[in-house]
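Residue numbers (our numbering), protein chains in the order written: chain A, 1 to 216; chain B, 1 to 216; chain C, 1 to 216.
Where hints are given, some of them may not hold.
Copies of the same chain look alike in the list, so a pair counts if it works inside one copy or between any two.
As the list claims (entries may be wrong) - Under the rule of at most 20 Å between Cα atoms (straight-line distance), these lysine to aspartate or glutamate pairs were calculated in the EDC-like manner:
no.: 1; residue 1: 157; residue 2: 206
no.: 2; residue 1: 48; residue 2: 101
no.: 3; residue 1: 33; residue 2: 97
no.: 4; residue 1: 33; residue 2: 162
no.: 5; residue 1: 55; residue 2: 45
Keep in mind the hints are simulated off the structure, nothing from the lab. Source: prediction; values computed, not measured.
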Amino acid sequence: MKIDRFLQLFVVKEKKFYPLYIEQAANIEAAAKLLVELLQEQDPEKQKALYKDIKEYEHSGDMITAKLYEELNKTFVTPFDREDINLLSGRMDTFLDFIHDAAKRMLMYRPKSVNQLLIAMGQCIVEDARILKDIMNGLEYIQKKPQEINEKCVRIKQIEHDVDDLYEQFMSDVFANEKDAIELVKLKNIGQVLEDATDRAKDVGDIVRGIIIKFA
Amino acid sequence: MKIDRFLQLFVVKEKKFYPLYIEQAANIEAAAKLLVELLQEQDPEKQKALYKDIKEYEHSGDMITAKLYEELNKTFVTPFDREDINLLSGRMDTFLDFIHDAAKRMLMYRPKSVNQLLIAMGQCIVEDARILKDIMNGLEYIQKKPQEINEKCVRIKQIEHDVDDLYEQFMSDVFANEKDAIELVKLKNIGQVLEDATDRAKDVGDIVRGIIIKFA
Amino acid sequence: MKIDRFLQLFVVKEKKFYPLYIEQAANIEAAAKLLVELLQEQDPEKQKALYKDIKEYEHSGDMITAKLYEELNKTFVTPFDREDINLLSGRMDTFLDFIHDAAKRMLMYRPKSVNQLLIAMGQCIVEDARILKDIMNGLEYIQKKPQEINEKCVRIKQIEHDVDDLYEQFMSDVFANEKDAIELVKLKNIGQVLEDATDRAKDVGDIVRGIIIKFA
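Isolated chain A (complex conformation) (with noise of 0.2 Å):
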């Protein structure tokens, strides 16, 4: 009986994590949100309220990396590899720093217009918020069910591809029509940062899958 209390200790310790996974993919989503409302903002003063909430949401995100860390060097049993539990929040930091990245370059530059694509690409990474957060969501049952989490990942995958089109549909716009070599620069930046974030959410991806793997 003592040895059932004793492991009970390490489930209950380990299972610390699911938690902070899920709230950090919800601040993700929160910020995530946020940017698309901010890329058709024309307002000054709104642009600058609404950067100054995802900056809070980026702010967040820091604090629960570094919870997740604390964590883990209190915790001797963990649900998989020590060092992908690190990755793992290491890699959704920065998905979510790249969403703060872009909507600092809005602030930064302030492009006389914000082109439809840009917009649309802004979307894609509110979807693939919404799916992290399912995957997070799921996380704690990922040895039962890892069919329907790898879909997930491949879903985040196809949406790189599709954000690569959006991209080059869109920088190929600007390179025909935009004849402000300075505002040029300032769409190129903020298209740039837009690709780069879908990116990141699939280097999130790419670590469930590796965990996924060593389960196999």
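Once you've looked at the hints, dock chains B and C against the given chain A.
Chains B and C alone, transformed into the frame defined by chain A:
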């Protein structure tokens, strides 16, 4: 005798990975060669046709990467660390993505002229691809001839340095002579992705060197 | 007694890594200091001389990285995971490469003026290098004082955030005030690589934190 057969099953299984890596390397080499043609092509229609072919190689690359991932999920005994098998295919895919990205930029930007130094950088990417093909052909014997394979990885590192120098020269030229800011941005970004591609080839080499280290 | 000697052989062997990391950190710090000088230098001849010296440090860095790799191949018992030894030297080398790259861009682009904020970013890189030197000096005792080393890694994370803010301010300035598109592109790209360099310093810290976690 039954046990022999059982063991053979494993041996057969683990051998599935090598041909896929070799196939991927051939794929990369084909795309790299077309990229050099594209860099030298002036005719828009021919450029489009070359890009279309490169895009198909990139798509085949995704298929091979997916197949490697599936094989990994079905295989219990792998010739080297499961994670390294996964990393190696991921990095090869990324190298191919960068070749595709360089081609895409040519189509998106349509620069007025292409410098000889850019073509030289493209040729270095072809050399990287050739060396990677050699490495993948030798991968099965990596424990028997680690030194030989390591030397090939070192050669890829050297190419990366050479391309750094080419890029440096190219950029100095462009910033000194190109007075049209939009053309300058185009050339800078095409040069950048060619240079980045050789970094990605080095990343593949680094994974191989990591595998050698584990066998040491 | 024979066994003692045998064990001592291992102890001696594994200790070979620490001085190489310390040497690399000193190398990085020297290059970082010259970079700050270069950012403040107007005279083209002196700029060239400073760049030449930075290039030499970068070359020494490659030598040290190669030596670490060789040692690793000869050593059976390592103070921490073989992969981490390899990753740590790789990431330190990458940080140094980015310092070198920043210097190279100064020479390639020759911007008409260098903003005070860029110099402040350079000074943050020097601080990163100093902290890394401290970390490498303590690496041998990482199991005895993980908290102390972890705090240094957290400090590097903090610097990365500070540099993000500096970069944000710098870019807002440049996009608001620089009317020459080519000068704008130059300054943007120099600022970018300085900001990226502090990300690479954080990457080194992340590897160290990963090592701490494995000992926890």
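Status of the hints after comparison with the structure:
In this assembly of identical chains, residue 157 and residue 206 lie within 20 Å of each other by CA distance solely inside one copy; the values are 9 Å within and 24 Å between copies. Taking the closest pair of Cα atoms, residue 48 and residue 101 come within 20 Å of each other only inside a single copy of the chain (14 Å); across copies the shortest separation is 33 Å, beyond that limit. Proximity of residue 33 and residue 97 under a CA criterion of 20 Å is satisfied intra-copy only: 14 Å inside one chain copy versus 28 Å between copies. In this assembly of identical chains, residue 33 and residue 162 lie within 20 Å of each other by CA distance solely inside one copy; the values are 19 Å within and 26 Å between copies.
Proximity of residue 55 to residue 45 under the C-alpha cut-off of 20 Å is restricted to the intra-copy arrangement: shortest distance 15 Å within a copy versus 43 Å between copies.
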